[in-house]
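Engineer: Build the full structure now, drawing on both the sequences and the hints.
Chains as they are written, first to last, in the numbering used here: chain S, 1 to 304; chain D, 305 to 626.
Treat the hints with caution; some may be incorrect.
[Claimed, not checked] Taking CB as the label site, the calculated pair distances span:
#	chain 1	residue 1	chain 2	residue 2	range
1	S	L269	D	G597	41 to 47 Å
2	S	N190	D	G597	30 to 36 Å
3	S	L151	D	W569	52 to 58 Å
4	D	T583	S	N190	22 to 28 Å
5	D	A575	S	A102	36 to 42 Å
6	S	A102	D	A497	41 to 47 Å
7	S	L95	D	A575	45 to 51 Å
8	S	S197	D	W389	41 to 47 Å
It is worth saying that the hints were derived from the structure and are not from the lab. The C-beta atom is built at its ideal place from N, Cα and C for all residues, glycine as well.
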Amino acid sequence: MIQHLVDGILVGSILSLGAIGLTMAMHMLRFANFSHAELLSIGAYCALVFDGVFKAVYTPLGDVIGPLSLTWALSLAIVISMAITGGSAILIDRLVFARVRAKGGELSMVFASFGVAMIIRNVLGLTFGLKVQLYSQDIVFAMVLSRDPFLLVKPDQIFSLVAALIIMFAFHLVLSRTTFGYSLRAVAENPQLAQVSGINLNRMITLIWIIGGGLAAAAGVFYGLTNQINPVLGRDLLLPIFAATIVGGIGSIYGAALGGFLVGIASNLALLILPSGYSPAMPFLIILAVLIIRPTGLFGEERQ
Amino acid sequence: MIGLISYLIFFTTVAAILSIAVLGLNLQWGNSGLFNGGVVAFFGAGAYGTLILGGTAQSAHLGGFELFYPLALIGGMMCAGLMAWVVGKLTIRLRHDYLAIATFGVAVAFENLMRNAEGLSGGAQGLRGFERPLHAWLGDGFTYNAIFLVFVLILLIATYRFLELLIRSPYGRLLRAIREDETAAQSLGKDPAKIRLASLIIGSVIMGLSGGLYATFYAFISPQDILPILTFQIWAMLIVGGAGNNKGAVAGAFLIWAAWTASGWGLSRFAPLEMQLYTGSIQFILIGLVIVGMLLWRPQGLFPEKLVISQSGRAKHVKNRE
Chain S
1 MIQHLVDGIL VGSILSLGAI GLTMAMHMLR FANFSHAELL SIGAYCALVF
51 DGVFKAVYTP LGDVIGPLSL TWALSLAIVI SMAITGGSAI LIDRLVFARV
101 RAKGGELSMV FASFGVAMII RNVLGLTFGL KVQLYSQDIV FAMVLSRDPF
151 LLVKPDQIFS LVAALIIMFA FHLVLSRTTF GYSLRAVAEN PQLAQVSGIN
201 LNRMITLIWI IGGGLAAAAG VFYGLTNQIN PVLGRDLLLP IFAATIVGGI
251 GSIYGAALGG FLVGIASNLA LLILPSGYSP AMPFLIILAV LIIRPTGLFG
301 EERQ
Chain D
305 MIGLISYLIF FTTVAAILSI AVLGLNLQWG NSGLFNGGVV AFFGAGAYGT
355 LILGGTAQSA HLGGFELFYP LALIGGMMCA GLMAWVVGKL TIRLRHDYLA
405 IATFGVAVAF ENLMRNAEGL SGGAQGLRGF ERPLHAWLGD GFTYNAIFLV
455 FVLILLIATY RFLELLIRSP YGRLLRAIRE DETAAQSLGK DPAKIRLASL
505 IIGSVIMGLS GGLYATFYAF ISPQDILPIL TFQIWAMLIV GGAGNNKGAV
555 AGAFLIWAAW TASGWGLSRF APLEMQLYTG SIQFILIGLV IVGMLLWRPQ
605 GLFPEKLVIS QSGRAKHVKN RE
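Structural biologist: Right, here's the structure in full:
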């Protein structure tokens, strides 16, 4: 029970990072972006590449940090990966979404995002192979946090959770303390009115992709660090991330953060009663439950 | 020669079965602006429903109702419709993202359930024990397949005619009116949610028919047949054909299915041995490029919808009838 709860919180932090970017893009550009989860894959593989590069360039970077399997090289690679993934998100927007958007039609955007997701996923598969990869071949033993109730946690998991919380807190500070944060919230609330007040909409769209891509990259690396990396990583996390945005209410950044944790915890607790084979279907049950009980989610507003 | 003809029969049968699903999607997306991200779930519901209802008794999983075949097929279609009703009821009043996400989710959940619930669906091994109808009289060979093709083509034409009638009827006009301007339709006292829900259900029932026929053709269905790629293929067919146009939808289905099988054959034949594992990835990239490319450069499809102006075009006709 307590083990499932803790595992749920750890997975939840990864889902939250993914859901924050997704909900922002969905709210501002008015479409369900099915390619968002592929940014997690891009981030995970990008970090894998730069991890290797840094280790090759300067060997001491290959040393692990404390009890973690995380190396100095990988922690640098995370930062680079966040930047590159944010850049890729902008590139995808310029190449595909912006052009489809210009032609109008929110539904075309959704279709396009499915197409983009397929292309990214399979290009990653072709480039890096379909096999499972790991950041570190060393076996890191889980720590026994307590014997009764029995609780096992890997150091990497704790690192991921803490890092995810720090990133989210930093983003919260940006949102609540800076002019940029105010403009972001203004655009999310009412794009037309925000433009009238002199906010450059296109610049905000670009920034949203950078932030969304960066957060997604961090989520992807943390997932790779605590589980494994493979080309279908994004596909497997897509539905849970969508569930998190719906739980939080589409468009609500804080809702998405909370939604991620709730989906993670609920999915893990469900394993107490359901066989583990059913876990990919869990997010769908959560979506159904939210739609029945409170369609607007925790913090969503009613809007057609 | 006979080999070529058998292959053509096989190809046409599968393409015609998929065309039916594309027609169902065209009603939802082309005519009503509904986004169905889980075509494969409704297709699968029809397939599993038909085989479970029409199959012989099995010890390993549910089945053995041995219903008369047309009843089993209709039962499968009703399974698909029921699923669409549940999903639609919950999401159709919300903004369109919810329907997209929920239908995508239902496809993931459905595949997952069929793969795991062995008592229901036979699990990963699939559903067995279905005898193809009239199998005792027609045997298993060439004659059977030729007659089955005729049966499928009749159902394809029937579906086509039904949809053409439907979209020309007042209901069809209403659908397009809602697609173009929901508020305007609402101001005329129409209930968009109800009309959309009906369209989602009818389209899904048609997808269920397609799935039922597919399962009948192979006398077998397994989770491998209801993977998400099928949804993308069916979309690509509609996007290439031209959303809103039923003829285009069927043409798109044949075109994309031909391209898919040809690329699969070409890759398996000419790709170097070490690349064989990746031919699937290459085909998926191609389908993705087709979808994105069409949306970028020819969103109306190869055979675009002819927009009709109902009032001026039909005013005379209506007056005469009155």
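Engineer: All hints, please: hold or fail.
Structural biologist: These are the hints, each one checked on the structure:
L269 (chain S) and G597 (chain D) have their C-beta atoms about 44 Å apart, which keeps the hinted 41 to 47 Å range intact. Under the hint 30 to 36 Å, the C-beta atoms of N190 (chain S) and G597 (chain D), about 35 Å apart, fit the expected range. In this structure the hint that L151 (chain S) and W569 (chain D) lie 52 to 58 Å apart at CB holds, the actual value being about 54 Å. Range check, T583 (chain D) to N190 (chain S): Cβ separation about 49 Å, and the 22 to 28 Å hint is violated.
For the pair A575 (chain D) and A102 (chain S), the supplied restraint of 36 to 42 Å holds, since their beta-carbon distance comes to about 37 Å. Our hint of 41 to 47 Å for A102 (chain S) and A497 (chain D) is violated, since their Cβ atoms are close to 30 Å apart. The hint said 45 to 51 Å for the Cβ distance between L95 (chain S) and A575 (chain D), and at roughly 27 Å that hint is violated. In this structure, S197 (chain S) and W389 (chain D) meet the distance hint of 41 to 47 Å, their C-beta atoms being roughly 45 Å apart.
Against the hints set out earlier in the document, violations occur for numbers 4, 6, 7.
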